[in-house]
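Undergrad: With the hints as extra help, turn the sequences into a complete structure.
Those protein sequence lines, which keep their order, are chains Y and P. full-length UniProt numbering numbers the first residue of the first sequence as 1 and each following residue consecutively. full-length UniProt numbering numbers the first residue of the second sequence as 1 and each following residue consecutively.
These aren't lab readings, by the way, just hints derived from the structure by calculation. Be a bit skeptical, because a hint or two may be false.
Far from chain P, by Cβ distances over 12 Å, these chain Y residues were calculated [unchecked claim]:
1. Ser11
2. Thr59
3. Arg81
4. Pro86
5. Asp88
6. Arg95
7. Ile122
8. Met128
9. Ala134
10. His214
11. Arg265
12. Gln327
In silico contact screen, one side only, chain P against chain Y (beta carbon under 10 Å); selected entries [as the list claims (entries may be wrong)]:
13. Gly41
14. Gly157
15. Val186
16. Gln251
17. Ala252
18. Cys256
19. Pro258
20. Pro276
21. Gln280
Beta carbons are placed, not taken as given, at the ideal position from N, Cα and C, and that holds for glycine.
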Amino acid sequence: MSPLLAIDDLSVTFARSGLLSRLINPFPLPSFNVIDGVTLSLMPGETLGLVGESGSGKTTLARTILGLVRAAAGRIVFEGREVQTPADFRAMRRRSAMMFQDPVASLSPRLRIGTLLTEPQIIQGLPMPDRRAAAKALLALVGLPASFVDRFPHELSGGQARRVGVARALAMKPHLLLADEPTAGLDVSVQGDVLNLIGELKRELGFAAMIVTHNLAMIRHVSDRLAIMYLGRLVETGPTQDVFSAPMHPYTATLIQSEPIPDPRRRSQNPAVTGEIPSVFRRPSGCEFHTRCPIARDRCKTEAPAYRPMGADRMVRCHFPLETGGQEREAFSRASANQRGN
Amino acid sequence: MSGSLTASDLSVRYETPHGSVHALRHVDIEAHPGEVIGIVGESGCGKSTLVTALANLLPANARIDGSISYNGVDLAKLDAHHQRLLRGDEIALVSQDPMTAFNPVLTIGDQLVDFQHHRKDLGRAQKRARIAAMLGRVGIADAERRMDCYPHELSGGMRQRVAIAAALLTDSGLLIADEPTTALDVTMEAQIIHLLRELRREYNGIIIVVSHHLGVIAELCDRVYVMYAGEVVEGGEVDAIFHDARHPYTQALLACDPARFHERLDRLPTIPGSLPNLTQPPSGCVYAPRCDRAFAPCGSVAPPQVKLSASHMARCHAVAP
Ligand SMILES: Nc1ncnc2c1ncn2[C@@H]1O[C@H](COP(=O)(O)OP(=O)(O)OP(=O)(O)O)[C@@H](O)[C@H]1O
Ligand SMILES: Nc1ncnc2c1ncn2[C@@H]1O[C@H](COP(=O)(O)OP(=O)(O)O)[C@@H](O)[C@H]1O
Ligand code: SF4
Ligand code: SF4
Ligand SMILES: [Mg+2]
Ligand SMILES: [Mg+2]
Numbered sequence: 001m002s003p004l005l006a007i008d009d010l011s012v013t014f015a016r017s018g019l020l021s022r023l024i025n026p027f028p029l030p031s032f033n034v035i036d037g038v039t040l041s042l043m044p045g046e047t048l049g050l051v052g053e054s055g056s057g058k059t060t061l062a063r064t065i066l067g068l069v070r071a072a073a074g075r076i077v078f079e080g081r082e083v084q085t086p087a088d089f090r091a092m093r094r095r096s097a098m099m100f101q102d103p104v105a106s107l108s109p110r111l112r113i114g115t116l117l118t119e120p121q122i123i124q125g126l127p128m129p130d131r132r133a134a135a136k137a138l139l140a141l142v143g144l145p146a147s148f149v150d151r152f153p154h155e156l157s158g159g160q161a162r163r164v165g166v167a168r169a170l171a172m173k174p175h176l177l178l179a180d181e182p183t184a185g186l187d188v189s190v191q192g193d194v195l196n197l198i199g200e201l202k203r204e205l206g207f208a209a210m211i212v213t214h215n216l217a218m219i220r221h222v223s224d225r226l227a228i229m230y231l232g233r234l235v236e237t238g239p240t241q242d243v244f245s246a247p248m249h250p251y252t253a254t255l256i257q258s259e260p261i262p263d264p265r266r267r268s269q270n271p272a273v274t275g276e277i278p279s280v281f282r283r284p285s286g287c288e289f290h291t292r293c294p295i296a297r298d299r300c301k302t303e304a305p306a307y308r309p310m311g312a313d314r315m316v317r318c319h320f321p322l323e324t325g326g327q328e329r330e331a332f333s334r335a336s337a338n339q340r341g342n
Numbered sequence: 001m002s003g004s005l006t007a008s009d010l011s012v013r014y015e016t017p018h019g020s021v022h023a024l025r026h027v028d029i030e031a032h033p034g035e036v037i038g039i040v041g042e043s044g045c046g047k048s049t050l051v052t053a054l055a056n057l058l059p060a061n062a063r064i065d066g067s068i069s070y071n072g073v074d075l076a077k078l079d080a081h082h083q084r085l086l087r088g089d090e091i092a093l094v095s096q097d098p099m100t101a102f103n104p105v106l107t108i109g110d111q112l113v114d115f116q117h118h119r120k121d122l123g124r125a126q127k128r129a130r131i132a133a134m135l136g137r138v139g140i141a142d143a144e145r146r147m148d149c150y151p152h153e154l155s156g157g158m159r160q161r162v163a164i165a166a167a168l169l170t171d172s173g174l175l176i177a178d179e180p181t182t183a184l185d186v187t188m189e190a191q192i193i194h195l196l197r198e199l200r201r202e203y204n205g206i207i208i209v210v211s212h213h214l215g216v217i218a219e220l221c222d223r224v225y226v227m228y229a230g231e232v233v234e235g236g237e238v239d240a241i242f243h244d245a246r247h248p249y250t251q252a253l254l255a256c257d258p259a260r261f262h263e264r265l266d267r268l269p270t271i272p273g274s275l276p277n278l279t280q281p282p283s284g285c286v287y288a289p290r291c292d293r294a295f296a297p298c299g300s301v302a303p304p305q306v307k308l309s310a311s312h313m314a315r316c317h318a319v320a321p
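TA: Below, the structure written as structure tokens:
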């Protein structure tokens with residue numbers, strides 16, 4: 001089977017602009033790679049989780065894939081064809097959909113839900129004899145009452161607004177869904193609801209999904225594969241279960257260890273990682289994680305590690321990956337000193 | 001100074017053009033020096049209303065009933081002037097969004113000097129020295145230089161640390177942190193949890209942590225109050241809440257947390273239904289419309305507070321002591 005989406009060595013560059021940011025960081029560098037050499041693929045029907053701390057470039061990557069941000073270098077191949085011209089991107093966007101990070105803000109406040117739900121098809125010039133009926137069918141698809149066609153976005157709860165976001169994204173029967181933090185700000189009781197809905201519709205309609213998030217507890221249940229991002233670069237990819245049970249990159253391992261466990265008998269002793277995420281405007285030398293890595297050695301400060309395969313379907317960017325039974329893994333557990341009580 | 005805090009039969013209504021919102025109803029809580037108290041519940045259940053009432057900072061459209069006493073003093077009986085004094089000197093609130101806690105046009109140092117206005121005995125240089133020491137304590141390296149920064153020049157995690165430092169500089173006996181890690185990444189969250197845990201070793205006052213994140217509550221708190229639709233439905237030691245929850249809502253909330261399951265779940269558990277309309281709270285149990293154990297009395301009779309042990313309480317018809 002060939003991938004639905006393949007991106008190869010994709011980079012995105014932003015020029016630093018604005019007086020304020022120049023005052024804060026007055027280095028005369030003209031531009032920065034916010035996304036740097038990202039290579040990824042997504043099979044039809046697959047769910048990929050894209051994980052990283054805030055500012056790591058997750059949203060930018062998703063927007064670049066859809067052509068909403070211009071790539072400085074690299075290739076995007078969708079359904080077997082390279083996407084290059086604005087017309088190519090438009091064609092791709094007709095077959096894919098994006099759920100934005102803030103659903104209420106991304107729904108125009110003066111339009112009623114019924115109009116919002118059918119707007120994309122109208123813009124694409126698709127025939128729609130009865131807009132209200134189409135909107136009601138979409139509301140039914142995501143389990144909302146038909147009476148919501150006449151409501152305004154601010155009259156919905158957070159979870160209901162996400163459901164409208166899902167309905168709007170799926171109105172075009174996409175082959176690919178890009179969902180940016182689909183459950184941020186939702187309670188756990190409602191989060192499951194939105195994710196179950198996406199899962200059910202995936203099974204029914206068969207689209208592939210890329211879910212952008214920093215919520216590890218959630219993504220381990222809803223993704224088939226994971227891609228971990230640090231400062232705009234992928235540092236590890238692999239099957240979700242494998243990555244969680246045996247993370248190989250020290251950054252992945254610290255993220256998993258940092259997650260608070262809802263059990264007071266298993267409190268963590270120490271934070272797994274200290275220090276702040278560095279800025280993409282001032283990337284550390286060598287391995288970019290060395291400023292926070294619990295097992296960094298001298299070589300890490302000067303020599304950038306290659307992104308290399310570690311077994312089937314696993315890629316890791318580290319000189320000293322944490323292999324099962326290896327001395328690095330042992331060194332990591334000792335150095336991060338984050339034993340939990342039992 | 002530090003003392004115990006008690007709220008008895010505390011109710012808060014917000015008067016709005018659409019009627020009164022009964023945001024808090026008949027809440028009893030207590031907290032003692034040296035304790036970390038957790039307040040947990042879904043969005044909109046009244047957590048912020050409760051802590052804002054405790055900190056005496058409710059908006060003008062709020063009406064409050066019941067009593068709050070701190071260190072033996074009934075706050076409602078104080079005049080406005082003394083309430084203000086108490087607020088500044090005794091109660092420090094670290095709010096949900098660390099950005100809004102600071103004035104964007106003043107440096108961190110200048111603002112932290114202002115936080116010490118009650119220390120008439122100290123000069124500016126002494127106050128700055130205290131700030132540098134406090135910033136060091138909350139893990140901000142290079143404190144001297146950071147004092148000359150403006151709030152937007154700090155990352156979210158740093159601002160949250162500065163907000164905690166600011167709260168500690170007031171020397172108050174009650175530190176309230178409303179969702180202190182919600183806006184942060186998991187690595188920063190772990191660091192703030194660690195910081196708060198370190199602080200409690202030396203800090204002799206009460207720390208109240210509000211969160212909808214069960215992991216944060218489990219990591220930090222000694223005792224927990226679980227809120228639903230404006231009521232405290234269960235309260236107890238952190239271990240009892242996480243390992244022997246008795247209220248159906250607490251049990252459902254715990255069961256929903258995907259962090260509890262390591263094997264992949266095909267469907268994530270949820271709590272069907274939604275919070276009741278707080279302009280007309282249900283007459284029986286507030287959780288009855290969503291409860292899978294509801295039976296005859298639940299729809300019409302408000303459940304009593306059932307005492308399960310010296311420290312464990314649940315408000316439900318179905319639990320027996
Ligand atoms: N100033 C106000 N005027 C009217 N209603 C209010 C006001 N502040 C809060 N409410 C209402 O009171 C209830 C409790 O709100 P509160 O903000 O205390 O909940 P919360 O648990 O802190 O929620 P969140 O986690 O979303 O902050 C909600 O129904 C809310 O809409
Ligand atoms: N339009 C833009 N101009 C300049 N910098 C940007 C722009 N959009 C994003 N960035 C920067 O790119 C980095 C990645 O941002 P983003 O994709 O929003 O990350 P995330 O979604 O993971 O929070 C950040 O450092 C951000 O400040
Ligand atoms: S290359 Fe070195 S610093 Fe980077 S993650 Fe691996 S061990 Fe840590
Ligand atoms: S009182 Fe009844 S409805 Fe309320 S939580 Fe208990 S069993 Fe459920
Ligand atoms: Mg983002
Ligand atoms: Mg709140």
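Undergrad: Please go over all the hints and tell whether each is borne out by the structure.
TA: Right, here's what the structure says about each hint:
{"no.": "1", "hint": "Ser11", "result": "holds, 24 Å"}
{"no.": "2", "hint": "Thr59", "result": "holds, 14 Å"}
{"no.": "3", "hint": "Arg81", "result": "holds, 33 Å"}
{"no.": "4", "hint": "Pro86", "result": "holds, 35 Å"}
{"no.": "5", "hint": "Asp88", "result": "holds, 35 Å"}
{"no.": "6", "hint": "Arg95", "result": "holds, 27 Å"}
{"no.": "7", "hint": "Ile122", "result": "holds, 31 Å"}
{"no.": "8", "hint": "Met128", "result": "holds, 31 Å"}
{"no.": "9", "hint": "Ala134", "result": "holds, 26 Å"}
{"no.": "10", "hint": "His214", "result": "violated, 6 Å"}
{"no.": "11", "hint": "Arg265", "result": "violated, 7 Å"}
{"no.": "12", "hint": "Gln327", "result": "holds, 25 Å"}
{"no.": "13", "hint": "Gly41", "result": "holds, 9 Å"}
{"no.": "14", "hint": "Gly157", "result": "holds, 6 Å"}
{"no.": "15", "hint": "Val186", "result": "holds, 5 Å"}
{"no.": "16", "hint": "Gln251", "result": "violated, 12 Å"}
{"no.": "17", "hint": "Ala252", "result": "holds, 7 Å"}
{"no.": "18", "hint": "Cys256", "result": "holds, 4 Å"}
{"no.": "19", "hint": "Pro258", "result": "holds, 5 Å"}
{"no.": "20", "hint": "Pro276", "result": "violated, 13 Å"}
{"no.": "21", "hint": "Gln280", "result": "violated, 17 Å"}
Consistency note: the structure conflicts with the earlier hints numbered 10, 11, 16, 20, 21.
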